[in-house]
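What follows is the residue order along each chain.
4 protein chains.
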Amino acid sequence: MNYDQILQEIKEEVKIYNQMGAVGSSIPELTKVDPSKFGIHLVTIKGENYSIGDSNEKFSIQSISKVLSLSFAFTFLGERIWERIGVEPSGTPFNSLVQLEYEKGKPRNPFINPGALVIADMLITHTKNPKTEFLNFVRTLTNSDEIDFNLKVASSEKAFGFKNVALANLLKSYCNIENDVDEVLDFYFHQCAIEMTCNELANCFLFYAHEGKILHNNKFILNQSQVKRINSLMQTCGFYDESGEFTYKVGLPGKSGIGGGIVAIHPKKYSVATWSPRLNEKGNSVLGMKSLELLTTKTGMSIF
Amino acid sequence: MNYDQILQEIKEEVKIYNQMGAVGSSIPELTKVDPSKFGIHLVTIKGENYSIGDSNEKFSIQSISKVLSLSFAFTFLGERIWERIGVEPSGTPFNSLVQLEYEKGKPRNPFINPGALVIADMLITHTKNPKTEFLNFVRTLTNSDEIDFNLKVASSEKAFGFKNVALANLLKSYCNIENDVDEVLDFYFHQCAIEMTCNELANCFLFYAHEGKILHNNKFILNQSQVKRINSLMQTCGFYDESGEFTYKVGLPGKSGIGGGIVAIHPKKYSVATWSPRLNEKGNSVLGMKSLELLTTKTGMSIF
Amino acid sequence: MNYDQILQEIKEEVKIYNQMGAVGSSIPELTKVDPSKFGIHLVTIKGENYSIGDSNEKFSIQSISKVLSLSFAFTFLGERIWERIGVEPSGTPFNSLVQLEYEKGKPRNPFINPGALVIADMLITHTKNPKTEFLNFVRTLTNSDEIDFNLKVASSEKAFGFKNVALANLLKSYCNIENDVDEVLDFYFHQCAIEMTCNELANCFLFYAHEGKILHNNKFILNQSQVKRINSLMQTCGFYDESGEFTYKVGLPGKSGIGGGIVAIHPKKYSVATWSPRLNEKGNSVLGMKSLELLTTKTGMSIF
Amino acid sequence: MNYDQILQEIKEEVKIYNQMGAVGSSIPELTKVDPSKFGIHLVTIKGENYSIGDSNEKFSIQSISKVLSLSFAFTFLGERIWERIGVEPSGTPFNSLVQLEYEKGKPRNPFINPGALVIADMLITHTKNPKTEFLNFVRTLTNSDEIDFNLKVASSEKAFGFKNVALANLLKSYCNIENDVDEVLDFYFHQCAIEMTCNELANCFLFYAHEGKILHNNKFILNQSQVKRINSLMQTCGFYDESGEFTYKVGLPGKSGIGGGIVAIHPKKYSVATWSPRLNEKGNSVLGMKSLELLTTKTGMSIF
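Residue numbers (my numbering), protein chains in the order written: chain A, 132 to 435; chain B, 132 to 435; chain C, 132 to 435; chain D, 132 to 435.
Intra- or inter-copy, both count: the list cannot distinguish identical chains.
No more than 25 Å apart at the CA atoms, straight line, and that leaves these computed lysine-lysine pairs for DSS-like:
{"id": "1", "residue 1": "Lys283", "residue 2": "Lys294"}
{"id": "2", "residue 1": "Lys413", "residue 2": "Lys146"}
{"id": "3", "residue 1": "Lys380", "residue 2": "Lys237"}
{"id": "4", "residue 1": "Lys344", "residue 2": "Lys429"}
{"id": "5", "residue 1": "Lys168", "residue 2": "Lys146"}
{"id": "6", "residue 1": "Lys400", "residue 2": "Lys380"}
{"id": "7", "residue 1": "Lys168", "residue 2": "Lys429"}
{"id": "8", "residue 1": "Lys413", "residue 2": "Lys380"}
{"id": "9", "residue 1": "Lys350", "residue 2": "Lys429"}
Since the hints were made in silico from the structure, they are not lab data.
Looking at chain A on its own, in the form it has when it is part of the complex (with noise of 0.2 Å):
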């Protein structure tokens, strides 16, 4: 598969969408970037790294995060993190604060806000100092010490985060919130406002395709089964109400972040990151779902 070739013509066919979309606004530190920029970065299991546009500048990975807290959580907790969360997609077009409600505190995924919310109360239970181990573990994932927290956005989320801070009192008042909500927000905010380049977050990303190893020592994150079973939550919850889209038109788990962050896994095969900031109603990168819908398109290959 000629991959240079490949995302070449996808960066010449998006051209006419760059202007579609709007730089998400809800955290004020986030509209500060510049809104053209559009980077993809694809890696295989077998170590070949592909590369095009601003794929080496760094960027809020956001709810992509959440992803691997999720992971995180699994190396202490296993199945036991069903017992607080579903793994049901929420497709709702209406915020998650009804469903909350409805469904007595339980979120539905552990990719929409609250579920995300339980997931680091889960953290801060069973780690001594969260923040630093979550970082030190997404650091082992991409094999890079230079991935950090932006503590800029993760203050502005803290300043403007009212619907959060709404949703992680709704979950401690269905006893679904372990620790002191304040601790668990400053976790989950300090989570979302990691920084990423393309190349880290799709190396960061390549175990989940190569059944749960990271490449360079094949260590073990998490077994085939568990990587099996996060894939297979990014395939219907990844993209929130257009999980259905992504997974009709892309065909591949995946999971997107309001900074323009999107990455997705092709099993077996490789792990490939986009960066492209201006978002669709639905909160996802324009661009981003594009160059994927492109890539799998050109290259014959999805998962179904």
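Fit chains B, C and D to the known structure of chain A by using the hints.
Chains B, C and D only, in chain A's frame:
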């Protein structure tokens, strides 16, 4: 892969669950079934057939027919289908009338009842003799003239299907039904009342695993891209409010029916059908779900 | 109280609003009305009649009939009505199918469509000739044989009433309709198609202000306690999602219809009917609401 | 009217229900109350006082305070209040976060928690020392300096009020809270923690029955029109999801609190307060509801 032995093992291992769940009671005629029935049939894209138990007994395929009617509509309309129906999982524990009302008469996907009613309406518009032509389509897929409607089941659904009548009229009130409501319902009740054996069902669905081609004559029913898309819909929406659970545990696209049948596809590998009438509280066959979970575990093969 | 002068003043003062709102469009036959029509009729429990404008022209009373059918059912069933219907305001901006589904087929009150359909079902069970007997009941209240159904309106509702068909079938699916769905709908569409003038309507409703007695013969239709209860229901549930607004601004129990009529009761004082076909976005007559607000302001009399 | 005898009869007749219901458990400090307490105090607009049982014992007025804070806000803002809050009953069996989200942060009425939080926010904006000034307002109405906050109850609410914290943050996320969320909550928790006896409560609310004037000095707190409007709000929204039931059975405007108190108003006649800590499943005092139903039945007087 020794499928014969795997099916044998599955049959043994699921025995302990064979008193769990209850036969679906919404259609009186369907309650007459023997709840202890259990069969599996698996057919590979090489044409190898494996079966166990009551795999040659007819049962009512019910909602499984929605995949077939969607596929038939696809042959006429292609992507224009999505002007009137979405591709997102419904993800709601409460019934679909609510959702239909929120979303102004556009069903979230073609596998919930209102979506299937819109598909039925499309087929009526685009065929001269909808019931006959649809039956012929299914017979062609299965390469068997023995497939037929069970008229008693169709009329039992008609007599007690007040909720479907409500849905069809609600769709009509939103102008998302073009034809006469009664005609749409009549087609829909017949479509659901098709009977098949596990053997027939697995072979009927084999073309979804075979890139859109019927195995014995290599004739394309849908192209590769269309088949990929229908498979992805089965993945995200095939099991009502348990689609995430099925994806998480089984990791294959599939579709269930309240007659106790389930069909699942491993793209480029096989198609498999199970039948056991006892349903869990979400309306999916207990033994069927268990069997397919064991199948992907024992073969070590899933799409993720 | 100089009601003549007050009605005159009201007519002048509401003129500035007479282009606001639009004639209800859900029933085609009703759109033929002249939107500039406007009338008021007030009758006191001493039998004094005051009127202004088009108070002697017939209009379709529509949902106002729900108070009359409830009262008729009350004469048969008394408090047993509440085994199948609630007495709480619906308080929902979105339509009643949602609520009906949440509450398992028990309508929140008798003045929303599903509640009125259950009342219609009760009347069919308890009468030999429902339409005739109901019409006679209304004629007796009004002391006039000129009250009748408008058959064109009834059949126009039937032809376009898909949402009501949906509601009736949903109720049937919850076993809260005993009779044939079509028969219930036929009665309901006729009931709503009764025509009255403001004069007739005000006189028809006078017994609610007169402790349950028809004025001219002092015959009790309902006892004092029953009338108090129906008045209280009009207060909390009479104006769909604008019941609170009407209570807040007018301070009298009342009921509106999409034909543009409103009737209101001042217990122990008077009954008043208004008619103007232009409706606000909540489905209530703009000039009617305004007129009644002015009436209680100018008379300085409300129940609060 | 022989109120002494009527209260005596009521006390006897409600005895059979005195084991029904349970003390509200959401605020731990409130569970310490003796569940067998029961008192009634009625005061007419002529200044005649009637009481029975534990009518001189203090209890936590809780949500009853919402009528007082609304009235205080009315003195500053008049009808401008309704720019940020509605006047419609909430009419929902499920909790108010759902509704708040549907309606984009505008609470349906001032008597549900989010509405009261917005009122609290208004008072903080319009006073220098909100807690002191509100307390003085209540003392003036009651003509007693003995009214005070119970600080233990206020801090117990604070410690367990996660749902209210969630609501306040959700309102803030919709920009319907101007001040600091913690300050709003602190005021709200204090407001609810005011303690009164039945005697004090009935006298405090007497001005709502007396056209807005304090009885002993004839000083207007609100004008006649404003009082009418607050009374109408109590009628439609005073009892959560049981407002219709209370209106239907009692036929007077009123307000309940989870401390077991209820106050009701007969405009131009009397104000009456009851207290009994056992609540029904809707959160309203069982004996209080029963007593007031008997009161309007025995006196033959309701507003309808």
